[in-house]
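In order, the protein sequences belong to chains U and V. Per our numbering, residue 1 is the first one in the first sequence, and the count goes up by one each step. Per our numbering, residue 1 is the first one in the second sequence, and the count goes up by one each step.
A couple of the hints might just be wrong.
Calculated from the model, a selection of chain U residues having no Cβ within reach of chain V, i.e. all distances over 10 Å [what the hints assert, rightly or not]: (1) D10; (2) G45; (3) E51; (4) R52; (5) T76; (6) L88; (7) D92; (8) Q95; (9) E113; (10) I118; (11) A140; (12) D142; (13) G166; (14) A174.
Listed below are the simulated DSS-like cross-link pairs for lysine-lysine, each with C-alpha atoms no more than 30 Å apart in a straight line [to be verified]: (15) U:K176 to U:K82; (16) V:K7 to U:K176; (17) U:K23 to U:K178; (18) V:K5 to U:K82; (19) U:K176 to U:K39; (20) V:K5 to U:K23.
If you are wondering where the hints come from, they were derived from the structure by calculation, not from laboratory data. No residue lacks a Cβ here, since even glycine has one placed at the ideal position from N, Cα and C.
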Amino acid sequence: MGSRSSLAGDIGMNTVLNDEQRKKYLDPATIRSALQETKTIAMVGLSPKSERPSNFVATYMQYEGYRVIPVNPRATEILGEKAYPDLLSIPDDIQIDMVNVFRRPAECPAIAEQAVKIGAKSLWLQLRVVSPEAAEIAEAADIAVIMDRCVKIEHGRYAGSLHWVGMNTEIISARKAKRHV
Amino acid sequence: MAQEKRKFGFDTRMLHAGHVPDAVTGARSVPIYQTTSYVFNDPDHAAQLFELKQYGNIYTRINNPTTAVFEERIASLENGTGALACASGMSAQLITMMTLLQPGDEIVASSHLYGGTITQFTHTFKKLGLTCHFVDPTHIDNWAAAITPQTRAFYAETIGNPKGTILDFAAVTDLANAHNIPLIVDNTFATPYLCRPIDFGATITLHSATKFIGGHGNSIGGVIIDSGQFDFSQFATIADPSPAYHNLKFYETFGHYGFLMKARTETLRDTGSSISPFNAFLLIQGLETLSVRMDRHVANAQKIAEFLDQHDNVAWVSYAGLPDNPHHDLAKKYLPKGPGAIFTFGIKADNPRQAGKEFIESLHLFSHLANVGDARSLVIHPGSTTHQQLSDAELTAAGVDPGMIRLSIGMETVEDLIWDLDQALQAI
């Protein structure tokens with residue numbers, strides 16, 4: 001079960017970010033509003049192989065009701081959705097809310113530039129994908145930035161399911177839970 | 001810029017970590033989910049749960065909502081990334097080693113361990129193709145000399161049972177890190193209130209939760225806490241594709257909780273050593289008062305150790321809280337709130353073995369049994385119980401003084417405990 005919006009506790013384990021970056025890019029309110037406001041996610045670097053981490057994440061997010069648009073130049077279709085070689089190739093009638101990146105940090109600034117062009121609302125770099133340059137590009141266009149975090153883990157943290165596998169969610173609250181993130 | 005977030009204290013987390021009152025009932029106390037299994041949302045959901053693509057409950061042999069509260073709470077208190085509860089402290093050790101190791105691998109372990117652990121590591125692990133080298137833990141050179149190319153784990157207790165040896169975390173973690181070997185620490189005697197091994201560099205912390213965590217002598221249980229800090233990318237058992245899960249790579253897929261996911265979904269699943277939800281509930285009750293109880297346990301132990309140290313019928317007292325104890329400096333460094341409440345002393349008598357037996361028979365308040373970490377005070381005389389088949393010479397060779405008594409100090413009125421020990425010492 002999910003937690004209330006007024007969480008006051010620090011949530012900051014398992015990161016390579018420094019304190020200043022943590023405050024900016026791991027902020028629970030930013031993470032939760034990105035999850036709540038997103039309907040469609042473009043996953044850059046989504047693998048068609050079912051045992052790959054990105055495929056785990058996409059399967060999870062689809063089941064949780066998100067539409068996942070694969071961005072992978074070597075694939076034609078992944079998990080029932082047509083794949084595109086890059087963000088700019090996604091047709092205009094598909095509104096991308098979040099760009100979720102499973103690529104190396106060096107590729108992130110170019111991805112951020114494309115995210116700006118397609119009008120994404122958030123740029124989410126996965127665990128250990130850290131790119132201050134990409135963040136700067138996105139922030140200049142008022143796009144919310146999250147990095148060094150997994151979108152599946154964070155959804156599970158606030159939806160209450162991560163807790164069921166014995167993980168330390170760091171959530172402390174005496175208030176009655178809600179039924180969503 | 002976000003507002004400053006609160007870092008909640010240890011005692012707050014004892015009461016709140018891992019449990020948000022549920023959205024439907026709002027139950028404040030943790031409910032006991034006494035169920036074997038859980039209804040799936042739909043066939044897709046079921047398939048994804050079995051493929052580990054969804055987090056959720058399948059079967060209580062693997063996870064349970066009551067047990068999950070215990071797991072998250074102890075993980076929070078130990079500053080770990082997560083935890084896995086199981087049937088006992090012995091099963092926590094077995095699950096950890098079966099997850100990390102494969103036949104041919106070796107462990108280097110402190111020799112100052114609970115006897116049951118030494119037996120498990122020596123004989124039962126031999127059947128699994130594992131070899132354990134035991135070393136005197138007080139000199140780091142002993143650890144270094146025992147390392148071979150097959151060494152995949154270091155193992156020690158924060159406070160060694162029964163000698164009270166305090167682990168020198170800095171020396172052992174430096175050596176472990178230099179060789180990329182995970183350090184596994186049994187923190188049972190210390191509890192996370194007195195010492196958090198992960199803060200001092202341990203990879204994995206274990207507990208027999210049966211002891212101070214439960215705290216009332218009513219439930220057997222164990223728990224494994226992962227720091228989430230170890231790089232398992234070169235560690236075949238955690239990094240390589242798993243044939244049991246369609247070639248899933250646990251470390252690549254789950255990262256900082258890859259070890260725990262593998263321990264839960266393969267080793268716990270396949271060994272079947274799960275904890276009962278009711279026991280998990282009782283262990284949660286224990287955690288809610290842990291710091292308050294440990295303060296009393298430690299204060300009573302210190303006063304009793306000081307009393308025995310001055311007693312005419314006592315030859316020696318081995319408690320790191322005494323200034324002349326060889327482990328006193330390490331205890332001050334790693335256990336500043338006190339080195340636990342379990343220690344040994346030697347009876348001074350012409351026939352210490354017989355005197356030990358008479359001492360036990362004369363006690364009124366100390367319970368004579370084979371456990372530690374109860375709210376009540378406990379006592380055992382190895383020379384007439386666990387080691388009774390050995391001769392005096394064999395006992396001495398095993399490092400056990402024939403007149404050695406082990407105490408686990410409870411929370412009774414300390415003057416009553418001192419009275420009881422004094423009258424029994426006078427009776428021998």
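Comparing the hints with the structure gives:
1. A beta-carbon of chain V is positioned within 10 Å of the beta-carbon of D10 (chain U); the least distance is around 4 Å.
2. Residue-level check passed: G45 (chain U) sits 14 Å from the nearest beta carbon of chain V, beyond 10 Å.
3. The non-interface label for E51 (chain U) is inconsistent with chain V: the shortest C-beta to C-beta separation is roughly 5 Å, within 10 Å.
4. Listed as outside the interface, R52 (chain U) is inconsistent with that label: its C-beta sits roughly 8 Å from the nearest C-beta of chain V, within the 10 Å cut-off.
5. For T76 (chain U), the condition that its CB be more than 10 Å from all CB atoms of chain V holds, with the nearest at approximately 22 Å.
6. With a minimum CB-CB distance of about 29 Å to chain V, L88 (chain U) clears the 10 Å threshold, and the non-interface call stands.
7. Non-interface call for D92 (chain U) relative to chain V: holds, since the shortest CB-CB distance, roughly 31 Å, exceeds 10 Å.
8. Even its closest Cβ contact with chain V, about 26 Å, leaves Q95 (chain U) beyond 10 Å, as expected for a residue assigned away from the interface.
9. With a cut of 10 Å on Cβ distances, E113 (chain U) stays outside the contact zone with chain V, its closest approach being about 25 Å.
10. Chain V leaves I118 (chain U) outside its interface by the beta-carbon criterion, the shortest separation being 26 Å against a cut-off of 10 Å.
11. Residue-level check passed: A140 (chain U) sits 17 Å from the nearest beta carbon of chain V, beyond 10 Å.
12. Remark: the non-interface label on D142 (chain U) is consistent with the geometry, its nearest Cβ contact in chain V lying 15 Å away (cut-off 10 Å).
13. Its beta-carbon lying about 4 Å from the closest one in chain V, G166 (chain U) breaks the requirement of being farther than 10 Å from that chain.
14. For A174 (chain U), the condition that its CB be more than 10 Å from all CB atoms of chain V is violated, with the nearest at approximately 6 Å.
15. For the given pair, K176 (chain U) sits about 41 Å from K82 (chain U) by alpha-carbon distance, which is inconsistent with the 30 Å threshold.
16. Of the supplied pair hints, the one linking K7 (chain V) and K176 (chain U) holds, its CA atoms being roughly 21 Å apart against a limit of 30 Å.
17. For a cut-off of 30 Å, the pair hint linking K23 (chain U) to K178 (chain U) stands: about 25 Å separates their Cα positions.
18. For the hint linking K5 (chain V) to K82 (chain U), the alpha-carbon distance of about 41 Å lies beyond 30 Å, and the restraint is violated.
19. Of the pairs offered as hints, the one joining K176 (chain U) and K39 (chain U) holds, with about 26 Å between alpha carbons and a cut-off of 30 Å not exceeded.
20. Between K5 (chain V) and K23 (chain U), the direct Cα distance comes to roughly 9 Å. Compliance with the 30 Å bound is thereby established for this hinted pair.
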